[in-house]
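Below are the chains, spelled out letter by letter.
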Amino acid sequence: MNINATLIAQALVFVVFVAICWKYVWPPIISIMEEREKRISDGLEAAKKADDSLEEAKLAFDKELNQAKSEAAGILEKANARASQIVGDASSKAEAEAEKIMTSASTTIENETNKAKEELRQQMSEIIIDTTQKILGDEISPEKHDAILKKAAEEL
Amino acid sequence: MASAYGVEHVVGAACKEPELTVTGYIQHHLTNLTLGKLPYESEVWTCNADSLVWDMPKVVPADTWTFAHGSSQAADMGFWALHVDSIGWSIFLGIVFITVFRFAIAKNTDTPTGLQNFVEMCVEFVNDNVQSIFTSAKNPLIGPLALTIMVWVFLMNLMDLVPVDFLPELAKAAGIEYFKVVPTTDPNITLGMALGVFILIIYYSITVKGLKNFVAELTLHPFGKWLMPVNFILEMVNFIAKPISLGLRLFGNLYAGEMIFILIALMLFFSSFAIGMMGFGLHLLWALFHILILALQSFIFMVLTIVYLAMAHETEDH
Chain A
966 MNINATLIAQ
976 ALVFVVFVAI
986 CWKYVWPPII
996 SIMEEREKRI
1006 SDGLEAAKKA
1016 DDSLEEAKLA
1026 FDKELNQAKS
1036 EAAGILEKAN
1046 ARASQIVGDA
1056 SSKAEAEAEK
1066 IMTSASTTIE
1076 NETNKAKEEL
1086 RQQMSEIIID
1096 TTQKILGDEI
1106 SPEKHDAILK
1116 KAAEEL
Chain B
151 MASAYGVEHV
161 VGAACKEPEL
171 TVTGYIQHHL
181 TNLTLGKLPY
191 ESEVWTCNAD
201 SLVWDMPKVV
211 PADTWTFAHG
221 SSQAADMGFW
231 ALHVDSIGWS
241 IFLGIVFITV
251 FRFAIAKNTD
261 TPTGLQNFVE
271 MCVEFVNDNV
281 QSIFTSAKNP
291 LIGPLALTIM
301 VWVFLMNLMD
311 LVPVDFLPEL
321 AKAAGIEYFK
331 VVPTTDPNIT
341 LGMALGVFIL
351 IIYYSITVKG
361 LKNFVAELTL
371 HPFGKWLMPV
381 NFILEMVNFI
391 AKPISLGLRL
401 FGNLYAGEMI
411 FILIALMLFF
421 SSFAIGMMGF
431 GLHLLWALFH
441 ILILALQSFI
451 FMVLTIVYLA
461 MAHETEDH
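Heads up: the protein sequence lines correspond to chains A and B, in order. Here the first sequence stands for residues 966 to 1121, where the numbers follow the working numbering. Here the second sequence stands for residues 151 to 468, where the numbers follow the working numbering.
The hints are simulated quantities; they were obtained by calculation from the structure and are not laboratory data. Do not take every clue at face value.
Here are the simulated DSSO-like cross-link-like pairs (lysine-lysine), alpha carbons at most 27 Å apart as the crow flies [to be verified]:
id: 1; chain 1: B; residue 1: Lys-187; chain 2: B; residue 2: Lys-288
id: 2; chain 1: B; residue 1: Lys-208; chain 2: A; residue 2: Lys-988
id: 3; chain 1: B; residue 1: Lys-257; chain 2: A; residue 2: Lys-988
id: 4; chain 1: B; residue 1: Lys-392; chain 2: B; residue 2: Lys-288
id: 5; chain 1: A; residue 1: Lys-1082; chain 2: A; residue 2: Lys-1116
id: 6; chain 1: B; residue 1: Lys-288; chain 2: A; residue 2: Lys-1003
id: 7; chain 1: B; residue 1: Lys-375; chain 2: B; residue 2: Lys-392
id: 8; chain 1: A; residue 1: Lys-1014; chain 2: A; residue 2: Lys-1003
id: 9; chain 1: A; residue 1: Lys-1023; chain 2: A; residue 2: Lys-1034
id: 10; chain 1: A; residue 1: Lys-1034; chain 2: A; residue 2: Lys-1013
id: 11; chain 1: B; residue 1: Lys-166; chain 2: B; residue 2: Lys-208
id: 12; chain 1: A; residue 1: Lys-1082; chain 2: A; residue 2: Lys-1115
id: 13; chain 1: B; residue 1: Lys-257; chain 2: A; residue 2: Lys-1003
id: 14; chain 1: A; residue 1: Lys-1043; chain 2: A; residue 2: Lys-1065
id: 15; chain 1: A; residue 1: Lys-988; chain 2: B; residue 2: Lys-288
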């Protein structure tokens, strides 16, 4: 257990190994570890960012979807309104047409009736005149009794 | 002529392997392979393996580089001697550390497995410790310094788990007389590292704090400026105690651990089979427990180094 020059030798060897470690061993290991650490934290950050943007996209998507839904609902409502309007228009037009047809038909009927009545009256008055002439002979002429006949026709 | 074994050598006399005694066994395990210069002429006796008689001793003249035979010769070599085994293992394990940590990350992948994972774990652990202690000041040297200390000291401690006789017996077969395997059971190694840390403490105290603050810290505490010499002595004790305690703590723990391994190994000296088996059991138990000490001591050495250097970076108000 002597203290001798081994002590100095060991001190020198110590310095040499520390220097080697300082220059060639420590820096590469530390840089590798730091670089990896940085990469991992960057990756985590990117993942967080991606998460955030996914959330944002989801929100935007929901918003768009809701808008589209409400738009669709609006369009549907409008279409319904339009359809019912069209149906309403059509039915009222048809009603009007039907009424018109009815009116013209009844007018025609009335006219025909009147015409028939007039003809009948005419024929009746001719028949009466004929009959009366036959009965009375030439006593009565159409010219003389026109006024009487007219009066009779009006009474009929 | 006395030798390391305490055996009389006579040229041509019958020789045999010296008998293994408990004291001799322990002493052998605690002696480093020391390279140095003896101030006196010494003789190296070798037992001729064929004829089993002592050969003529090889005479080593005074002041030549040689390996010490026995601890007394190692002590006689004085300061300028080198524990070749300690420093050799220390350098080898340092190279292991550098190589493993340098090439573990050569195939860098984002999903590290095995060695790369282990290396990154170590670096992260050290870095966390450094950053929790070094809060205000920043110094790019502290991280690598702490990593080197922790891993290197741990590897040196780890040699303690190699059964005590394996490598020394291998070395003996290769003709090496002494071979201590655990560098951290050599106070030269632990104090050598503590010395390195101490120099860094002084360097950063002067460059970061400034010489004036540093001197003030050593002289103006705790009694004010009128008792400067007393302050200086007190603070100096405090200051010197840092590296000494740092080195001796590691040495003491590992030396004691090694000693217990040696003592457990001694159980095989008893011829009883039962005690021998108990030795195996105890060896396993102590090895398991020792894993904790090995890791803990390397961690403590690292943390204290960081703390001392952090203190060297902090300026107190006076």
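Query raised in the report: Taken at face value, is the distance from the CA of Lys-208 of chain B to the CA of Lys-166 of chain B at most 27 Å?
Result: 18 Å, holds
**Report entry** Proposed proximity, Lys-1034 of chain A with Lys-1023 of chain A (alpha carbon, max 27 Å)
**Finding:** 16 Å, holds
Requested in this report: Would you check the hint for Lys-1082 of chain A and Lys-1116 of chain A, treating anything up to 27 Å between C-alpha atoms as holding?
Outcome: 16 Å, holds
Query raised in the report: Do the alpha carbons of Lys-1014 of chain A and Lys-1003 of chain A lie within 27 Å of each other, as the hint requires?
Result: The given pair, whose Cα atoms are some 16 Å apart, holds under the 27 Å limit.
**Report entry** Pairwise hint evaluation, Lys-988 of chain A against Lys-208 of chain B, where the allowed Cα distance is 27 Å at most
**Finding:** 48 Å, violated
Requested in this report: Quickly compare the C-alpha distance for Lys-1082 of chain A and Lys-1115 of chain A to 27 Å and report which way the hint goes.
Outcome: 15 Å, holds
Requested in this report: Given the hint that Lys-1043 of chain A pairs with Lys-1065 of chain A, test it: the Cα-Cα distance must not exceed 27 Å.
Outcome: Given that 27 Å is the threshold and the Cα spacing comes to 32 Å, the pair is violated.
Query raised in the report: Lys-187 of chain B and Lys-288 of chain B: Cα distance at most 27 Å?
Result: 46 Å, violated
Query raised in the report: Is the straight-line distance between the alpha-carbon of Lys-375 of chain B and that of Lys-392 of chain B 27 Å or less?
Result: Holds, because 24 Å separates the two Cα atoms, which is no more than 27 Å.
Query raised in the report: CA of Lys-288 of chain B to CA of Lys-1003 of chain A, is that 27 Å or under?
Result: 21 Å, holds
Report task. Below or equal to 27 Å on CA atoms is what counts here, so check Lys-257 of chain B against Lys-1003 of chain A. Result -> 19 Å, holds
Query - Proposed proximity, Lys-988 of chain A with Lys-257 of chain B (alpha carbon, max 27 Å) - result: Holds. Lys-257 of chain B to Lys-988 of chain A sits at ~19 Å (cutoff 27 Å).
Going through the hint list in order, the structure does not satisfy hints 1, 2, 10 and 14.
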